[in-house]
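Turn these sequences into a full structure, and let the hints guide you.
Protein sequences, first through last, are from chains A and B.
Note that the numbering used here numbers the first sequence so that position 17 is 17, with each residue one more than the last.
Take the position in the second sequence, starting the count at 1, then add 1000; the result is the number in the numbering used here.
Because the hints were derived from the structure by calculation, they are not lab data.
Be aware that a few hints might be false.
Said to hold, decoys possible - Here are the computed distance ranges between Cβ atoms for each label pair:
no.	chain 1	residue 1	chain 2	residue 2	range
1	B	D1050	A	D44	43 to 51 Å
2	A	G173	B	A1052	53 to 61 Å
3	B	V1041	A	G176	14 to 22 Å
4	A	G55	B	T1056	26 to 34 Å
5	A	N12	B	V1033	44 to 52 Å
6	B	R1051	A	G173	39 to 47 Å
7	A	T154	B	D1050	31 to 39 Å
8	A	A68	B	Q1053	37 to 45 Å
9	B	I1021	A	D151	22 to 30 Å
10	A	G173	B	Q1053	51 to 59 Å
11	A	G176	B	E1063	32 to 40 Å
12	A	R157	B	E1063	18 to 26 Å
13	A	V226	B	V1033	52 to 60 Å
Values in this document were obtained by computation on a predicted structure and should not be read as measured data.
A virtual CB, placed ideally from N, CA and C, is assigned to each residue, including glycine.
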Amino acid sequence: MKAAVVLFPGSNREGDAVRAIEMATGKKPQIVWHAETALPAGTDLVVLPGGFSYGDYLRCGAIAGRAAIMDAVRAHAARGGLVLGICNGFQILCEGGLLPGVLMRNKDLRFICKMQHLRVERADTAFTRAYTQGQVIKVAIAHGEGNYEADEETIKRLEGDGRVAFRYCDANGVVGGLANPNGSTNDIAGIYSEARNVLGMMPHPENLIDPLVGGIDGAGLFKSLVAA
Amino acid sequence: MKARVTVTLKTGVLDPQGKAIEGALKSFGIEGVDSVRQGKVFDIELSSTDRAQAETLLKAACEKLLANTVVENYRVEIV
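Right, dumping it as structure tokens:
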């Protein structure tokens, strides 16, 4: 598994992503600057880390989604290569046209930074094979714009094609109501591309890989990728 | 040539910022506000003097970056 982590001006979770990948694969991923036009040869996985690329100017992820490296990321995804966008990375994937929909301001306008339960919707993808279907995991969320919105037809297609990766839920796996932190449509916390080789998610699995910092429920995602 | 691009949220898209501003206006005692929707304005200076060319360029700018057409509409005015 050869991984690359893309660095945009204003990214700030690249270190966490690098650490999680290194812990799972034993190999340090390469950091790739956004102005590059190509990914390192033989890249299997591209990670767009969290943060505030371009200071969230214009719209979250709008400018980064059109950065030079994104053409290479789109080509990598079109070839079936794996792409993981976390938090701002998810926003960048939506703005960059790799995933449908958009992340809007949280329903209650607040930046939310807390632990959150998620339900793993399917465990047969490159990102989730180390989990079981319906498993409830506890990871961190930290975002101001995580309210996933798309037109009705897109939501229907995502649901119908099994492209919802994770949903916000409570400790028992029950979705809805107060378990939804940001007003996201259908409690969506993460979605896949059509071929399920691109995953965008608001929560931070890369921060929950070490018992020292509160849990290891996020490690499964990186273990899954190693097996991919 | 100068242009103004206005980007607004499509009807039906939840606008929590607009809602908060609406609530604030009401709490300040400004009567008669039914609703507020927040948008963005871009004032752009163009080197072109050709109106048709400018409109084409601005439309491309909106489609490519200034608006997210999933949730936003845009309007271009040459001023």
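* If any of the earlier hints don't hold here, list their numbers in rising order. => Hints 3, 5, 6 and 8 not satisfied by this model.
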